[in-house]
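Line by line, the protein sequences are chains C, D and V. For the first sequence, counting from 1, position 149 maps to 149 in the numbering used here; every step adds exactly one. So the number in the numbering used here is just where the residue sits in the second sequence, counting from 1, plus 370. So the number in the numbering used here is just where the residue sits in the third sequence, counting from 1, plus 740.
Check each hint, because a few of them may be wrong.
[Said to hold, decoys possible] Here are some of the chain C residues that sit facing chain V, going by a computed Cβ distance under 8 Å:
(1) MET88
(2) ALA91
(3) VAL118
(4) SER169
(5) GLY176
(6) GLU178
(7) ASN181
(8) PHE188
(9) ASN221
(10) LYS224
(11) GLU237
(12) MET292
(13) ILE294
Because the hints were derived from the structure by calculation, they are not lab data. For every residue, glycine included, the Cβ atom is placed at its ideal position computed from N, Cα and C.
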Amino acid sequence: MSNTEHTNQESSSIAPEIASRRAFLRTSALSALAAGALTACKGNTASAANASTAQNANSTKGDASGGSMGAHPAPVSAAAAAEEMDRMHEAGIKAFPAKTEGKGNELLAPRRDGDVQVYELTCSKVQWEVSPGKKVEAWAYNGVVPGPQIRVREGDRVRVIVKNELPESTAVHFHGLELPNDQDGVPFITQPPIKPGQSYTYEFTIPDGNYGSHMYHSHHNAAKQVGLGLLGAFIVEPRRPKPIERVDVDYTMILNDGTHGYTLNGKGFPATEPIVAKLGQKVRIRFMNEGMMIHPMHLHGMHMTVIAKDGWDQPAPWKCDTLNVAPGERWDVIVNCNNPGTWAFHCHILPHAESDHGMFGMVTALIVQK
Amino acid sequence: MSNTEHTNQESSSIAPEIASRRAFLRTSALSALAAGALTACKGNTASAANASTAQNANSTKGDASGGSMGAHPAPVSAAAAAEEMDRMHEAGIKAFPAKTEGKGNELLAPRRDGDVQVYELTCSKVQWEVSPGKKVEAWAYNGVVPGPQIRVREGDRVRVIVKNELPESTAVHFHGLELPNDQDGVPFITQPPIKPGQSYTYEFTIPDGNYGSHMYHSHHNAAKQVGLGLLGAFIVEPRRPKPIERVDVDYTMILNDGTHGYTLNGKGFPATEPIVAKLGQKVRIRFMNEGMMIHPMHLHGMHMTVIAKDGWDQPAPWKCDTLNVAPGERWDVIVNCNNPGTWAFHCHILPHAESDHGMFGMVTALIVQK
Amino acid sequence: MSNTEHTNQESSSIAPEIASRRAFLRTSALSALAAGALTACKGNTASAANASTAQNANSTKGDASGGSMGAHPAPVSAAAAAEEMDRMHEAGIKAFPAKTEGKGNELLAPRRDGDVQVYELTCSKVQWEVSPGKKVEAWAYNGVVPGPQIRVREGDRVRVIVKNELPESTAVHFHGLELPNDQDGVPFITQPPIKPGQSYTYEFTIPDGNYGSHMYHSHHNAAKQVGLGLLGAFIVEPRRPKPIERVDVDYTMILNDGTHGYTLNGKGFPATEPIVAKLGQKVRIRFMNEGMMIHPMHLHGMHMTVIAKDGWDQPAPWKCDTLNVAPGERWDVIVNCNNPGTWAFHCHILPHAESDHGMFGMVTALIVQK
Chain C
1 MSNTEHTNQE
11 SSSIAPEIAS
21 RRAFLRTSAL
31 SALAAGALTA
41 CKGNTASAAN
51 ASTAQNANST
61 KGDASGGSMG
71 AHPAPVSAAA
81 AAEEMDRMHE
91 AGIKAFPAKT
101 EGKGNELLAP
111 RRDGDVQVYE
121 LTCSKVQWEV
131 SPGKKVEAWA
141 YNGVVPGPQI
151 RVREGDRVRV
161 IVKNELPEST
171 AVHFHGLELP
181 NDQDGVPFIT
191 QPPIKPGQSY
201 TYEFTIPDGN
211 YGSHMYHSHH
221 NAAKQVGLGL
231 LGAFIVEPRR
241 PKPIERVDVD
251 YTMILNDGTH
261 GYTLNGKGFP
271 ATEPIVAKLG
281 QKVRIRFMNE
291 GMMIHPMHLH
301 GMHMTVIAKD
311 GWDQPAPWKC
321 DTLNVAPGER
331 WDVIVNCNNP
341 GTWAFHCHIL
351 PHAESDHGMF
361 GMVTALIVQK
Chain D
371 MSNTEHTNQE
381 SSSIAPEIAS
391 RRAFLRTSAL
401 SALAAGALTA
411 CKGNTASAAN
421 ASTAQNANST
431 KGDASGGSMG
441 AHPAPVSAAA
451 AAEEMDRMHE
461 AGIKAFPAKT
471 EGKGNELLAP
481 RRDGDVQVYE
491 LTCSKVQWEV
501 SPGKKVEAWA
511 YNGVVPGPQI
521 RVREGDRVRV
531 IVKNELPEST
541 AVHFHGLELP
551 NDQDGVPFIT
561 QPPIKPGQSY
571 TYEFTIPDGN
581 YGSHMYHSHH
591 NAAKQVGLGL
601 LGAFIVEPRR
611 PKPIERVDVD
621 YTMILNDGTH
631 GYTLNGKGFP
641 ATEPIVAKLG
651 QKVRIRFMNE
661 GMMIHPMHLH
671 GMHMTVIAKD
681 GWDQPAPWKC
691 DTLNVAPGER
701 WDVIVNCNNP
711 GTWAFHCHIL
721 PHAESDHGMF
731 GMVTALIVQK
Chain V
741 MSNTEHTNQE
751 SSSIAPEIAS
761 RRAFLRTSAL
771 SALAAGALTA
781 CKGNTASAAN
791 ASTAQNANST
801 KGDASGGSMG
811 AHPAPVSAAA
821 AAEEMDRMHE
831 AGIKAFPAKT
841 EGKGNELLAP
851 RRDGDVQVYE
861 LTCSKVQWEV
871 SPGKKVEAWA
881 YNGVVPGPQI
891 RVREGDRVRV
901 IVKNELPEST
911 AVHFHGLELP
921 NDQDGVPFIT
931 QPPIKPGQSY
941 TYEFTIPDGN
951 YGSHMYHSHH
961 NAAKQVGLGL
971 LGAFIVEPRR
981 PKPIERVDVD
991 YTMILNDGTH
1001 GYTLNGKGFP
1011 ATEPIVAKLG
1021 QKVRIRFMNE
1031 GMMIHPMHLH
1041 GMHMTVIAKD
1051 GWDQPAPWKC
1061 DTLNVAPGER
1071 WDVIVNCNNP
1081 GTWAFHCHIL
1091 PHAESDHGMF
1101 GMVTALIVQK
């Protein structure tokens, strides 16, 4: 399923019509790009923006403006290099969203044991396709990076069974949840490590008021294990959502920057997933940083209204277009999709998003369909 | 003209008496340093602060406290090194503000075409003097780094004609403006790249409510192009400024940290420009980060009241003396200049501001004149 | 004395019963760890969390799950490596809080000269034990890193006498205090440098309203000198504390990341100091970053309520569990200790907190005793 969820329904069901929505999104995203956004490049005559070749290229001062080619071979080479650069940039954009094997952050449907929602997480080594053709070693929950999304509600009773098939010990910390100490997941402080081949069971009730965007991840040899992919979203829905939370699309965006490179939900551009909404819809984005660096995420075309930090409501919503997300932080924002088009959405540390070979890493798009 | 502007006038003219104010600032800044601030070093007898040599330097434990020189040559060398370090520090301070060739972020007067304000930006390679004698290759708008400041008002109709004289393609993104998609400046998503020798025209109306401190910069091969200098301030004045915005001095400070080193408005200390105000005046500072790193800017002597983020009013102003500015972010602050003197103002990542050769890079001063 | 202070008393005395509290804390912290927190690792039968070996380790897919050893020696080695890793992790936790020589940030009792509180700071080179057995060169105030804590009240008259026994010049900047310009501590702008062997006297009155968490540190060759340890807390208590400030424990946590490694109050884990409170108590933590990097500090088990930035009250308190602290910033938070246990408290840039050799650097614990 998609990372994009409907949540403005009152239903207690948290995993509605996954397959159909997923198919819709894939189709709409691709068609939006193919039929909508990219046609702008073909020259929108209704627009005041016009590309025109300079009246006389030879009269410009630019290095690529030509002149007698025999005597000055360098400009030819520079022009060819510039063309090749553009070609690589275009190829990246046209490939978006590129297919890759594996998809993380999909909703994990719990097994029921009486009143308890039971989630099973198996930790193992896998090969993970970060971007088309680029496979890396990952340490993953249930074979995907990020691990599957756990989504519960305030007051729910939750059991998480962790099976360790890794070559070293691990443990799971529920980052942001205020649990009894023995459920905190820190080896030798709150529990023994879960050794290779062992299983371990966490069980707890989500405390009242502890709703919001949280995470689960390894807390043992974590600089390595989280960097390799042992991380996932743990979202707690409030019993009574506030009006500002009634959105059409609920998207979780997990940032990482370890050995897999710069990734959004485990993938680098052009394999990242676009966020798709219709004009007039509201989108909630839950930023979560599981990396080692800050990532100031910049949305084009529309601003973001910040409503929560680490799951806690901000005293008053505030607006921005670039939100600095530090390691371990979660920030929730609302976007009112009032501006149609395909909007770049990327980390504004530019070397995390673009090279002379084109955009890569922490780049995706918010597509607002008319 | 100076980066410092008067904006508390109701006049619709945005570029008043530029030359005279610029001359005033240059003179006052230099005289303030020469006659005011630095005299404090000569010993202010009205002050309780007194430098005194230790009663008996030989009795101290410090490595530089001497002793028999023949037997212990190292201290002599250490003392000489310490003196040399001080001399370099002093030379840097005394050189401030040092003259360099070229000045960026000066207000660009638009040409009028009916109701449209027309700005022309030519992208080209130049040699840029970052600090005295240090020339670097820059890719610049109109030959300066930052590019000239564009300053308009909510609701204005604006045309920006970009001419590319660079050896590679480019495009201009208006960072923070909520424009129609085809004006967003992202090659292959919203427009074709502007190839070497080509021109391209953007035209749009500034949306209501979209006032504040914004930026324009390259969005093609941007990690390189913005790092080399293709960036500038795009400021939108509100139709109805709030009382807190009625300031005496309006200063824009663009941070960068690419191949030009650590710079404020394209210059490294001591070539940075001081901000000058009179006692009792209010200064607005618009921080803009076009670099790849955070820069927590620290003002000595007075606090800053934060009023806006990315052009959007904060729900309530808040105070600080060190403001962390991340790449792509803009923060607007007000300083009530109630403390006379020359106040250091620098990035608090200390290696961005000082070495054993003295202060450099992201250092300037706020000079409050009695 | 401890960095932990009682401040919820109305008394004007700021240094109460230091020795007895210190002894109490040391004892309680150690006993809490020995008797309380770590017993959870022995298997808490009242808990739903159970460690169990997998029914059949050989049937799992993990690399360490064995098989025929002769033919596949690698898994044996991997298992041994995993065991060794766990052993090192456990040893680190068991050593916490480890004894080291020297303790910084202890309250400095002033000498009285009429109405003036006189503090004497001697700068010198020392050997500093950052973590057990790891000694580094430090440049220190009064021989400790951080320097001793200066704690005064709004309106107090303060004299600080600085004696320089270092091999190079120095100066002291009171970061966050809004002092007369000639007390600002910037060589060649507001004073001459304090040369090796010299003394220098600062004297000022704490301005009204300028209360909060401030710092003092070198402002000469500061990238080096502050990195080596010339830094300390300068705390100004308000005349009239607000209700939210009436806490049981007042803890100052100074972050650094220079040549001494990643440190909290001058020590790396396991030599860091736990914060200890009783269930139901309120703790105030004053984060101060004297380093060159951001440090997003993450508290387990309970959230933090942010009340002040750089000493200035935030317009409204707001909650988080991970607080990004940038160089030069100070953030004050309140923790309501409503969750008993030993809670990990660390920088969430994981390589600042953990390696495959176990936790190190910016790690401590908040111990909430029943």
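Hints and how they fare:
Checking MET88 (chain C) against chain V by beta carbon gives a least distance of about 32 Å; that is not within 8 Å, so the hint is violated. With a least beta-carbon distance of about 34 Å to chain V, the hint placing ALA91 (chain C) at the interface is violated under the 8 Å criterion. For VAL118 (chain C), the shortest C-beta to C-beta distance to chain V is roughly 12 Å, which exceeds 8 Å, and the interface hint is violated. A hinted interface residue such as SER169 (chain C) counts as satisfied when its beta carbon comes closer than 8 Å to some beta carbon of chain V; here the least separation is about 5 Å, so the hint holds.
Against a cut-off of 8 Å between C-beta atoms, the interface hint on GLY176 (chain C) holds, since the closest Cβ of chain V lies about 6 Å away. Below 8 Å, beta-carbon pairs count as interface contacts, and GLU178 (chain C) has one with chain V at about 6 Å; its hint therefore holds. The criterion of a C-beta within 8 Å of any C-beta in chain V is met by ASN181 (chain C), whose closest approach is roughly 3 Å, and the hint holds. Given hint, PHE188 (chain C) at the interface with chain V, holds; its Cβ is 4 Å from that chain's nearest Cβ, closer than 8 Å.
For ASN221 (chain C), the suggested interface contact is upheld, since its CB lies about 5 Å from the closest CB of chain V, less than 8 Å. Evaluation of the LYS224 (chain C) hint against chain V yields a held restraint, the C-beta minimum of about 6 Å falling below 8 Å. Given the 8 Å rule on beta carbons, the hint for GLU237 (chain C) is violated: about 18 Å separates it from the nearest Cβ of chain V. About 5 Å separates the beta-carbon of MET292 (chain C) from the nearest beta-carbon of chain V, less than 8 Å, and the hint is met.
For ILE294 (chain C), the interface hint holds, the least distance from its beta-carbon to any beta-carbon of chain V being 6 Å, beneath 8 Å.
Taken one by one, the earlier hints fail for this structure at numbers 1, 2, 3 and 11, listed in ascending order.
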